[in-house]
Amino acid sequence: MDKTRGYVVLAQNTTDVDYIELAYALAMSIKLTQSSVNKVCLITDQEVEFKHIEAFDDIVRINEDDTDPDSDWRINNKWMYYDLSPYDQSMILDVDMIFCSDVSHWWDACAGYDMVPTMNVRTYRDDKVISTFYRNAFRLNKLQNVYTGAYYFEKCDSSEQFFKLVKELFRNWKSVYQTVLPLHTPPNVSADVIYAIAWDIMGRVAPDIGLSFVHMKFAVQGWQNVNPNTDVDWTEVIMHYSSDDGRIVIGNWLQTGIFHYVQKDYIHQNDYMNRLEERYGVFLLQSK
Amino acid sequence: MSRGILQFVHNNGTFDYNKLAIASLLHIKYYLKENVSLVTDESTFKQMQQNYSEHVDLYDQIIFDETPMENNSRLYNEERITFKNFNRLLAYDLSPYDETIVVDVDYLVQSDALKLVWDSPEPLRINRESVSVNNLTWTDDKFRGVGKQRISDTGIDFYWGTVFYFRKCDEMKAFFDHTKYVYDNWSFFQKVHFTHEPNIRVDHILSMSIHAFESNTLPIPGNSFVAPLPYDRLMDIHVKDKVLKVCANGALIISHAAGVQSLTKVQGLDIHIMNKESIENHFDKFVEIYG
Chain A
1 MDKTRGYVVL AQNTTDVDYI ELAYALAMSI KLTQSSVNKV CLITDQEVEF
51 KHIEAFDDIV RINEDDTDPD SDWRINNKWM YYDLSPYDQS MILDVDMIFC
101 SDVSHWWDAC AGYDMVPTMN VRTYRDDKVI STFYRNAFRL NKLQNVYTGA
151 YYFEKCDSSE QFFKLVKELF RNWKSVYQTV LPLHTPPNVS ADVIYAIAWD
201 IMGRVAPDIG LSFVHMKFAV QGWQNVNPNT DVDWTEVIMH YSSDDGRIVI
251 GNWLQTGIFH YVQKDYIHQN DYMNRLEERY GVFLLQSK
Chain B
1 MSRGILQFVH NNGTFDYNKL AIASLLHIKY YLKENVSLVT DESTFKQMQQ
51 NYSEHVDLYD QIIFDETPME NNSRLYNEER ITFKNFNRLL AYDLSPYDET
101 IVVDVDYLVQ SDALKLVWDS PEPLRINRES VSVNNLTWTD DKFRGVGKQR
151 ISDTGIDFYW GTVFYFRKCD EMKAFFDHTK YVYDNWSFFQ KVHFTHEPNI
201 RVDHILSMSI HAFESNTLPI PGNSFVAPLP YDRLMDIHVK DKVLKVCANG
251 ALIISHAAGV QSLTKVQGLD IHIMNKESIE NHFDKFVEIY G
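First to last, the sequence lines map onto chains A and B.
For the first sequence, the numbering used here assigns the number 288 to the last residue and increments by one with no breaks.
For the second sequence, the numbering used here assigns the number 291 to the last residue and increments by one with no breaks.
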């Protein structure tokens with residue numbers, strides 16, 4: 001029997017951000033661009049509005065194991081994917097992403113591995129990110145350059161063990177950081193850091209088979225005239241627009257693959273969300 | 001299929017462009033042994049005939065172009081001077097060749113590497129990276145040494161129009177038409193591409209047009225419109241650097257003032273000499289070696 005494949009995204013609203021709305025936009029973009037695998041599972045702890053439901057193939061409720069229900073930055077539950085994903089083969093996604101073009105070929109490339117992280121990300125100009133501005137803890141403590149923004153796993157014993165370890169690391173992240181990250185110890189928990197630590201504890205080298213996405217954290221874009229130590233909203237620094245057919249253009253560069261926009265209000269700028277919904281509506285009509 | 005080199009020469013009152021052109025021509029004929037045609041205006045050519053009559057016959061064709069050119073002033077060694085080079089955007093229409101290499105007169109060919117461009121699958125060959133021959137970054141150019149060069153901090157890739165190859169085909173006709181469109185609508189494109197340089201620059205127009213043709217479509221492997229030249233980056237010396245000496249075998253001794261002061265010997269390497277006076281100063285030696 002063929003193995004089931006799908007994307008999984010964890011979204012828990014905070015007082016500031018409607019993460020389910022972001023997941024809804026992500027799911028619509030997947031439906032509109034992916035030629036083979038386009039199932040999307042939403043993992044959440046909230047009721048989902050009727051208009052959002054149709055974009056998801058599966059909606060899974062977080063159970064009582066919520067690691068840190070009072071946190072404003074709801075990443076502490078990023079160990080739940082293995083237990084809650086309904087798919088045999090899953091691709092974890094960050095919620096603040098949009099699919100710009102078909103990446104279906106990734107699935108066959110990942111098949112045969114138990115897990116495949118993203119090991120390199122790109123700027124909006126399609127350059128490989130070389131800045132370690134946000135990754136000093138990785139660099140100084142010699143962690144593998146793991147990104148969980150697009151992260152493949154297949155259900156099997158080894159990945160189950162891995163996610164159990166990740167769960168424990170999340171639950172004890174402060175002491176883990178003190179022990180494992182003596183240099184440039186991050187003040188906040190990070191899924192990327194936790195997963196990288198888990199790879200090291202497992203004594204494994206994470207495979208790099210080319211998974212990647214455009215990462216819009218402003219300090220890694222190679223800009224010379226923007227002080228990385230200031231809090232900069234990239235959408236205010238650089239012109240961006242999208243076409244009616246959904247193409248996203250940042251600084252005159254057409255975006256391809258997965259676009260990790262980071263700036264949470266991006267999808268509401270330039271009427272992007274409304275036009276995405278319109279295109280998705282047409283897609284649904286044509287599909288029926 | 002006809003092939004040749006195209007030079008654009010229009011005196012601007014600051015440099016003796018004819019002198020630069022002849023120096024460049026002698027290098028090209030020596031190393032590439034290809035036909036060279038000259039695009040010029042009546043006034044400039046008259047001066048060339050007066051001053052360099054013994055070399056004019058080396059040109060394959062003289063093509064007169066009197067297209068009025070907007071004054072294009074740029075800082076050159078802290079002095080603002082005027083360049084007359086916009087008719088390079090007419091290269092497609094003016095070139096008598098099916099395959100053309102456009103070479104600036106301050107680009108000294110010292111190898112036969114450019115011959116490798118003939119029959120290129122890509123209709124356009126042009127470099128987007130450059131490096132100083134002493135491999136040092138420029139201290140007064142903030143876009144240097146930080147990866148790719150861009151036309152602005154957040155903008156698109158910078159391509160050097162100093163030397164480029166094109167093959168006549170429908171795609172290239174459309175490309176050059178687009179460059180004229182950018183030129184005619186410069187204030188719009190300047191804003192769109194966040195260039196803060198006050199004046200139009202041919203390099204920028206080429207960069208914007210390449211970007212329009214190359215980067216706003218999904219990449220298709222093996223179907224590229226543009227590729228680098230055989231030397232995949234433009235080698236240059238800064239306007240503050242000087243050619244100290246031209247050796248008997250043609251090697252250039254360069255004194256670098258930009259960045260760290262140093263000396264470099266350059267031989268067998270095509271090089272963009274931004275300090276135009278350096279070419280003028282050593283003209284007689286070039287004639288002696290290559291004439």
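By construction, these hints were calculated from the structure, which means they are not laboratory data.
All of these numbers come straight from a predicted model, not from anything done at the bench.
One should not assume that every hint holds.
As the list claims (entries may be wrong) - A few chain A residues that face chain B, going by a derived Cβ cut-off under 8 Å, partial list only:
| no. | residue |
| --- | --- |
| 1 | Val-220 |
| 2 | Trp-223 |
| 3 | Gln-224 |
| 4 | Asn-225 |
| 5 | Pro-228 |
| 6 | Val-237 |
| 7 | Asn-252 |
To be verified - SDA-like, lysine to any residue: derived pairs with alpha carbons at most 25 Å apart:
| no. | chain 1 | residue 1 | chain 2 | residue 2 |
| --- | --- | --- | --- | --- |
| 8 | A | Lys-128 | B | Val-131 |
| 9 | B | Lys-191 | A | Ser-243 |
| 10 | B | Lys-33 | B | Asp-57 |
| 11 | B | Lys-191 | A | His-268 |
| 12 | A | Lys-128 | B | His-211 |
| 13 | B | Lys-191 | A | Lys-155 |
| 14 | B | Lys-191 | A | Ala-206 |
| 15 | A | Lys-128 | B | Asp-157 |
| 16 | B | Lys-191 | B | Lys-276 |
| 17 | B | Lys-191 | A | Ser-242 |
| 18 | B | Lys-191 | A | Lys-174 |
| 19 | B | Lys-191 | A | Tyr-241 |
| 20 | B | Lys-276 | B | Phe-225 |
| 21 | A | Lys-128 | A | Arg-61 |
| 22 | A | Lys-174 | A | Tyr-272 |
| 23 | A | Lys-217 | B | Asp-157 |
| 24 | B | Lys-191 | A | Asn-141 |
| 25 | B | Lys-240 | A | Ser-242 |
| 26 | B | Lys-191 | A | Val-237 |
| 27 | B | Lys-29 | B | Asp-112 |
| 28 | B | Lys-276 | B | Cys-169 |
| 29 | A | Lys-264 | A | Lys-155 |
| 30 | B | Lys-191 | A | Ala-219 |
| 31 | A | Lys-155 | A | Asp-2 |
Yeah, the Cβ is synthetic: ideal placement off N, Cα and C, and Gly gets one too.
Can you confirm whether the C-alpha distance between Lys-191 of chain B and Ser-243 of chain A stays at or below 25 Å?
holds (19 Å)
Holds or violated: Lys-191 of chain B and Ala-219 of chain A, Cα atoms, limit 25 Å.
Satisfied, since the Cα-Cα distance of roughly 23 Å is no more than 25 Å.
Sort out whether Lys-155 of chain A lies within 25 Å of Lys-264 of chain A, counting only the CA atoms.
Outside the cut-off at roughly 31 Å; violated.
Tell me if Pro-228 of chain A is really an interface residue toward chain B, meaning its C-beta lies closer than 8 Å to one of theirs.
violated (13 Å)
Within a Cα-Cα threshold of 25 Å, do Lys-191 of chain B and Tyr-241 of chain A meet the stated pairing?
holds (15 Å)
Interface hint for Asn-252 of chain A, Cβ within 8 Å of any Cβ on chain B:
Since the shortest Cβ distance to chain B is 6 Å, the answer is holds.
Is it true that the CA of Lys-191 of chain B sits at most 25 Å from the CA of Lys-174 of chain A?
Distance of about 48 Å is beyond 25 Å: violated.
Is the hint on Val-220 of chain A kept, meaning its closest Cβ partner in chain B is under 8 Å away?
Hint violated; Val-220 of chain A Cβ to chain B Cβ min 12 Å, cut 8 Å.
Is Lys-128 of chain A within 25 Å of Asp-157 of chain B, Cα to Cα?
Roughly 15 Å between the alpha carbons, so the hint for Lys-128 of chain A and Asp-157 of chain B holds.
Are Lys-191 of chain B and Ser-242 of chain A close enough, with their CA atoms no more than 25 Å apart?
Between Lys-191 of chain B and Ser-242 of chain A the Cα gap is close to 18 Å, so the pair holds against 25 Å.
Keeping to a limit of 25 Å between CA atoms, is the pair of Lys-33 of chain B and Asp-57 of chain B held or broken?
holds (14 Å)
Check whether the Cα positions of Lys-191 of chain B and Lys-155 of chain A lie no farther apart than 25 Å.
violated (51 Å)
Checked against the numbered hints listed earlier, the structure breaks hints 1, 5, 13, 14, 16, 18, 20, 21, 22, 24, 25, 28 and 29; every other hint is satisfied.
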